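Trainee: What follows is the residue order along each chain.
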Amino acid sequence: MPLERKVKYENECDKEFADWVTSQTGGENLRHCIQCGICSAACPLSLYMDYTPRRLINLARAGFKKEVLSSLTIWLCASCYACRVECPKEIQITDIMYLLKRKAIEEGVYPRRFPIPVLAREFGRMVFMFGRVNETLLVTDLFLRTNWFKFLSMTGLGLNLIRTGRMSYLPEHIKNRGQLRKIMNAIDTEAKKGETK
Amino acid sequence: MSDNNPVQKNLPRIGFYICHCGTNIAGTIDVAEVRKYAAGLPGVAVSRDYKYMCSDPGQEMIAKDIKEQKLERLVVAACSPNLHEETFRKAALKGGLNPFYFQMVNIREHVAWVHTDKKAATEKAKDLSRAAIARVAYHQSLEKKRVPVDPNVLVVGGGIAGIHAALTLANAGKKVTLVEREATIGGHMALFDKTFPTLDCAACILTPKMSAVKAHPNITLWTYSEVEKVEGYVGNYKVQVKRKPRYVKEDLCVGCMECIDACVFKEPKFHDKFNQGLGKRKPVYIDFPQATPKVVLVDPETCIQLKTGKCKKSCAAVCDRNAFDFEQKPEIKEIQVGAIVLATGFKAYDAKRDYVYGYGRYPGVYTALEVERLVNASGPTSGEIVLRDGKRPKAVGIVHCVGSRDAKSNKWCSRVCCMYSLKLAHLIKEHSGADVYNFYIDMRAPGKAYEEFYDKLLGEGVQFIRGRVAEVTDWAMTPGEEGRLVMRVEDTLAGFVRRIPVDMVVLSTGLEPQADAQEVRRRFNIGCGTEGFFQERHPKLAPVNTFTDGIYIAGACQAPRDIPDTVAQAGAAAAEALALIDAGFVELEPNTSRVIEDECCGCKSCISLCPYSAITFDEVKKKAVINEVLCKGCGVCAAACPSGSIRQNLFEDDEIFSEIKGILANDRKI
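Respectively, the protein sequence lines represent chains R and P. Heads up: the first sequence at position 41 corresponds to 41 in my numbering, and the numbers run straight through without jumps. For any residue, its number in my numbering is found by taking its place in the second sequence, counting from 1, and adding 1000.
To be clear, the hints were calculated from the coordinates, so they are not data collected in a lab. Treat the hints with care, as some may be off.
A partial selection of chain R residues facing chain P, derived with a Cβ cut-off under 10 angstroms [claimed, not checked]:
| hint | residue |
| --- | --- |
| 1 | C13 |
| 2 | N29 |
| 3 | Q35 |
| 4 | L59 |
| 5 | A62 |
| 6 | F64 |
| 7 | K66 |
| 8 | K101 |
| 9 | R163 |
These figures come from a predicted structure and were not determined experimentally. Beta carbons are placed, not taken as given, at the ideal position from N, Cα and C, and that holds for glycine.
Produce the complete structure using the sequences and hints provided.
Mentor: What follows is the structure, given as structure tokens:
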């Protein structure tokens, strides 16, 4: 088994990353965390997380950007808000998870072939293109990009859903798609501006 | 001796009472059986048991029985006499009986709480009760002596505790002598820049109180002085105080400090103790601008005149009040006081003892007290965070629990370090803009507005890393660590070891007893715990009292504590002293020894044995004389007297022998 260095040097920390999180809407209270861990205990998905939410918050405010953005934790978060409800410091943990997800997609560091970030990205792209989400297309796309074999095993179920009218067959789109794209582009530009501020 | 004892033939009527103490006693001892057993013993006229003897109805029962059943002696089997002896003595008095016609049996601490075998415990309770019943018949009527209390008070230590206690007492109209070892009062608090959690300036809140001490007509302030000797007893202490020579007449000096400018040493070059060695001073100096009294002093170790006698004495020459006196000698003063408040404070842990943190090896490593002076506007750098090498730190690491929570040094939590570390983190960040890391084991913020202060610091972006730093080193492993101090710590919350390079390390040293705490406690005849802090009489219910009546403790000499708690305790100690003084007298236990003059052979063996120096020798009569006021009733003299001519109240031979007989007179087969 190859040995790897586990100790962290301070130059592996990105202090600006921590500042960025606290500067974002929802991230303001990040530094007030007292590391009590109730978020992790309340989280129904911490069972599968590589870093518990408590630890993720600790790493984020210390500036361990690489660890935070490449963690599974942010993608496993189901936005149930249990942590946010319980947090004694009223830290908006779920909002922070969203912040981190967006940042991870932006920087392209999310875990490859992990369906959730792919789903999030493809969902957004489909809305941008059609103004509507077509399940058949989305699911096909998702499986092809993440897990071929799963796609084959799910084909039967998919066909049944289409036959019974539970999933649409053809892609639909809204009128004036151009206007929606304009709106979405404007939001993106504003968000970018906000970040560079 | 009991063969010809008159009492035996006509036993007094004894009342026996046994307490259940809820289930404390009744859970282990068959109370009813002991009650029945006692009823059959000689002399016992009344035998009762009750749920809580110490309660009002319990006491009423005793008083009523004494009156109605014409009881002449009283025995109560209950808890420790430390707790309720006085209660039942009062009950006896209420019934019209002399309170010393009473004996208490401790069947709770001595029996119920320490045994599990119920049958055997019941038998033991019977034995002890029988012994008390046998002894009480011989008890005699005694009176408590009253001794007047001197209304003056001595306060030892001029830190915030001593200052507050002295002012409280003086405001109540008592004459107070405040003795301080250093040249100025103010103590550790005078070193601080700000105080947590309010961040108000330490000097701004302390110096008005220091001036008030100086100006108060009821306070005699003796700085640069130490208590040499304490004699006497509660209400009447005779104290010798040594006033060390300042080589400046305190009443003449006005603190203009022209002598300091005039000193033959043009530049200050000697270790400045007040500034923790970060600044320099001249042989003639004053600790800080608000020193109280504002009087200069001359250090005999560094002054040329005092060392060699060959100096042109330019300091004395510029003094237009002729305050210098190089011939000054130590002066011994003697005062009489009724009560003493000890507020001798603490010593900061010597950071050199924790070698791994490099204090003394790396110039970038500081103790918290040094940083207090660094961030202080009146300190050696006027409040600028400048390192010993002249650089300004970009990153600062604060190590909590140095000399605390460590079996290798001090096991206790020093209680104030978390909070003062937070305060220093805030001040360092504010003064220098540096990144500040706090390395803590547990964050302890248990005071009013303390947790909120911690929260404020979290919000300020100070980094908190949970883990005890293992090492501070200058051995670099990455380019970023070159030329810096690297702190190695497990970030236990992140789950990995980190190496954090900083430019300045602050060691939050813990609080220890003063180096001479043992000598001091012996001088004042009080106790201390294993760690060396002065021992309070009771950790919860008598926190400022000591086991020596009339001596009270306040502040960090008793245990590490912060300023609010210290001031509260100083107020409490002052109130206890006032309660003693304002009563005007103390009642002494009558369990003292006395000499039967006719029988004393004058061998003097008792005199050297008495631990309280209560026995003197009457050279005319050639007899030993016991001062009843000084006698604490330890019984050493009575036991040692070869002619048996010393007797002790409540421990007469009759009483002791019948108690022994009583305890042995069981018919059980072992």
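Trainee: Looking back at the numbered hints, which does the structure fail to meet, lowest number first?
Mentor: 7, 8 and 9
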